[in-house]
Amino acid sequence: MKFFLKIAAAAALLVLAGCAELGIRSGVSAQTASAMRKVAVASVLGPTFHGVLQGTTVFGNASYAEDVSAWQIDAEAVRTASEVLGRGAGRTVMPIATPLPAGDVARAVSVARSMGADSLVVVRPTPFDNDRLYAAGYGYFRKSVLGIERDCIYSLFTVEVHDLASGKRVAWEWGFAPMSGIPCSGQEQKIPWQPQFALYSAEQREQLREAVTQIVRTNVETGVRRLGL
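Per mature numbering (1 follows the signal peptide of the UniProt record, and there is no 0), the sequence shown runs over residues -20 to -1, 1 to 209.
Treat the hints loosely; a few may be bogus.
Stated by the list, open to error - Simulated restraints on C-beta separations: (1) Asp84 x Ile171: 28 to 34 Å; (2) Ala10 x Gln194: 43 to 49 Å; (3) Ile128 x Asp98: 24 to 30 Å; (4) Ala82 x Ala10: 17 to 23 Å; (5) Leu126 x Gly147: 25 to 31 Å; (6) Gly40 x Ala182: 28 to 34 Å; (7) Arg67 x Leu126: 45 to 51 Å; (8) Thr37 x Gln176: 29 to 35 Å; (9) Arg67 x Arg87: 26 to 32 Å; (10) Gly68 x Pro172: 40 to 46 Å; (11) Arg130 x Gly83: 26 to 32 Å; (12) Val38 x Arg71: 28 to 34 Å; (13) Gly147 x Glu201: 42 to 48 Å.
If you are wondering where the hints come from, they were derived from the structure by calculation, not from laboratory data.
Ideal Cβ placement from N, Cα and C applies to all residues, glycine included.
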């Protein structure tokens, strides 16, 4: 019995974290939140749209990546986080409008310090250890296994808080509900998954842009709120 309890506890911890690199996720303490007066906001999701197919075997898996810089997903993420953070009293929000390299949190920290901020809230693409098939960032995931099919637009990232005086990450949270086990939007997709981005029509690409923008905005707000900010 004790063995099974230990297994259950270990599984629960894995779900709670979902990313060994970051450790157990946690919100912002009241003390830390009260000290956050000048908050820089950045996103380093990057301009890459990921198409991912999970087949019945590894031989059926496929993926591609496409530059969609024109969609300005990072700008949307920064705008959303800034709107949520701006509702806090006594807090100055400082959006970082300069495009940053994908995944480069260190660069975001450097820019935030140069702006005179005391803390940084950054949206970062982060792999989900519970399901490595999803590419960190955002895209279109299709699962076709033994006749079971699922299509979804997804976003996969964490929202982190960095104290700029100490240089330490003090809190982080997923931008989706990790207990669900998947970072999908949950909405039925009417656009058929394509093995190449070029196969989508202009109309379909616009629909994909709208869907990705919506799920990123929704999940950024979710992540910021879960942090307690």
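To see whether the hints hold, each was checked on the structure:
| no. | hint | in the structure |
| --- | --- | --- |
| 1 | Asp84 x Ile171: 28 to 34 Å | 31 Å, holds |
| 2 | Ala10 x Gln194: 43 to 49 Å | 32 Å, violated |
| 3 | Ile128 x Asp98: 24 to 30 Å | 49 Å, violated |
| 4 | Ala82 x Ala10: 17 to 23 Å | 33 Å, violated |
| 5 | Leu126 x Gly147: 25 to 31 Å | 49 Å, violated |
| 6 | Gly40 x Ala182: 28 to 34 Å | 29 Å, holds |
| 7 | Arg67 x Leu126: 45 to 51 Å | 47 Å, holds |
| 8 | Thr37 x Gln176: 29 to 35 Å | 21 Å, violated |
| 9 | Arg67 x Arg87: 26 to 32 Å | 27 Å, holds |
| 10 | Gly68 x Pro172: 40 to 46 Å | 43 Å, holds |
| 11 | Arg130 x Gly83: 26 to 32 Å | 27 Å, holds |
| 12 | Val38 x Arg71: 28 to 34 Å | 48 Å, violated |
| 13 | Gly147 x Glu201: 42 to 48 Å | 27 Å, violated |
Checked against the numbered hints above, the structure breaks hints 2, 3, 4, 5, 8, 12 and 13 and satisfies the rest.
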